Amino acid sequence: MKAKIRRLYRKRAAQPNTVGLITALEKNRKEPHLKITIQSEAAEKVKNFLNEKGLPERWGVPLLIEYGLSDETEKELDKLKSEMQSQMRELWRKYALMKFKAYGLFTENTRITMKLNMLLSENWSLKKRLKDENLLEPVPSNEWDGWSKTVTENYYRKYVCKNRL
Amino acid sequence: MLGRIFRKKKCAPVTIDVFLDRATNDRFRAFIEKNGLDENTALVQVLERGMANYWLQIFKQMRQNYSLLERSFKEYSKDNEVLSELEQQTDRLRSFLETKLHEKTLSTHRSME
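Line by line, the protein sequences give chains A and B. Quick note: the first sequence uses the numbering used here, first residue 95, plus one each step. Quick note: the second sequence uses the numbering used here, first residue 33, plus one each step.
Keep in mind that the hints were calculated from the coordinates and are not lab data. Any given hint could be a false lead.
No farther apart than 20 angstroms at their CA atoms in a straight line, the calculated lysine to aspartate or glutamate pairs in the DMTMM-like style are these [unchecked claim]:
hint, chain 1, residue 1, chain 2, residue 2
1, A, Lys129, B, Glu80
2, B, Lys110, A, Glu202
3, A, Lys188, B, Glu135
4, A, Lys209, B, Glu113
5, A, Lys221, A, Glu237
6, A, Lys256, B, Asp70
7, A, Lys225, B, Asp123
8, A, Lys243, A, Glu216
9, A, Lys129, B, Glu71
10, A, Lys256, A, Glu177
11, A, Lys222, A, Asp239
12, A, Lys141, A, Glu125
13, A, Lys209, B, Asp123
14, B, Lys136, A, Glu160
15, A, Lys188, A, Glu177
16, B, Lys132, A, Glu227
17, B, Lys66, A, Glu160
18, A, Lys195, A, Glu177
19, A, Lys252, B, Glu119
20, B, Lys106, A, Glu237
21, A, Lys222, B, Glu119
22, A, Lys129, A, Asp165
23, A, Lys222, A, Glu237
24, B, Lys110, A, Glu247
25, A, Lys209, B, Glu71
26, B, Lys136, A, Glu227
27, A, Lys129, B, Asp70
28, A, Lys147, A, Glu135
29, B, Lys106, A, Asp239
30, A, Lys193, B, Glu80
31, A, Lys221, B, Asp123
32, B, Lys92, A, Glu138
33, A, Lys175, B, Glu80
34, A, Lys141, A, Glu160
35, A, Lys221, B, Glu102
36, A, Lys222, B, Asp123
Listed next, the stretches of chain B that the computed footprint assigns to chain A, with coverage defined by at least 3 CB atoms under 8 angstroms from CB atoms of chain A [what the hints assert, rightly or not]:
hint, segment
37, 49 to 56
38, 68 to 80
39, 114 to 124
40, 137 to 143
Only a predicted model underlies this, so the values are computations on that prediction, with no experimental measurement involved. The beta-carbon is built from N, C-alpha and C at its ideal position, and this holds for glycine as well.
Using the sequences provided together with the hints, build the complete structure.
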C-alpha cells in the first residue's frame, strides 16, 4: 500500500506545473513588450475613447497603436475621408446584405454537404438502375458523376469543418 | 497583441503595458527614429493619430472585408448551384423510378387479371 502511495506521489511530481509553465511562457514570450509611462491626461483620453467605442483595453490599445502607425500620408487620409463620406452608407448596406446572403448560402451548402456522400451514391445508383432497366433515355450525365473522394472531402472541409470564412 | 492601462498608486503616472507583434513594434521603432522622439511622446502621438483616424481605418478594413466577402459569396453561389442541382436531380430520378415501378406493377396486375 505504502509503495503504491509513493508511486502515485512520484507520478504526480513528474507532472508539469501548469502555473509555472504559463509564467515561464509569459517571460519567454517572443512578442515585443512595451511598458511605457505616459501623462495621465493622455491615458484618460485613450481610456474614454475605448469606453466610448466599447473596446476593451486588452485589444483596444494595440489596435490604436496599429492604426496610428498606418502608412497613409495626410493626402491619402484626406482622400480616404472623402471616399468614406460618399461611400460609407452604401458600403454598409451592400456589406450587410451580402453577408446575410452569403450566410444563407453557406448554411444551405452545409446542409447538403452533410448528406453529400449519401446523395451521391443514391444518384449514381438511380442512374445505373434507370440505364440498366432502360427506363430513361438518355440518362443525364453531370459533373458529379466523376467526383472522387477528394472533391467530397473538400466540400466537407469547406462547409462542415468551416476552415474558411 | 494585448495591452492594458494602469497606475500603481493613485497619484502615480499611468503606465501603458502592451504586447505588439513584431511588425508593429518595428514600425514603432522606425517612427521614433524618424521623428527623433522619446518613447513616451511617440506613444502619445501614435495613440492620438490612431484615435483621430479610427473611423478611416475601420472604413478601409471594411472595404477589404467586403472584397473578401464578395469573393466568398461568388464561390458559395457556384457551389450552391451544383449541390442544389444534385439534390433536385436525385429527387427527380427517385420519383421517376417510383412512378415507373408503380406503372409496371399495375400493368402486371392488369395482365394477370
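**Request:** Could you tell me which of the numbered hints above are not met by this structure, giving the numbers in increasing order?
**Result:** 3, 6, 10, 12, 14, 18, 22, 25, 29, 30, 32, 35 and 40
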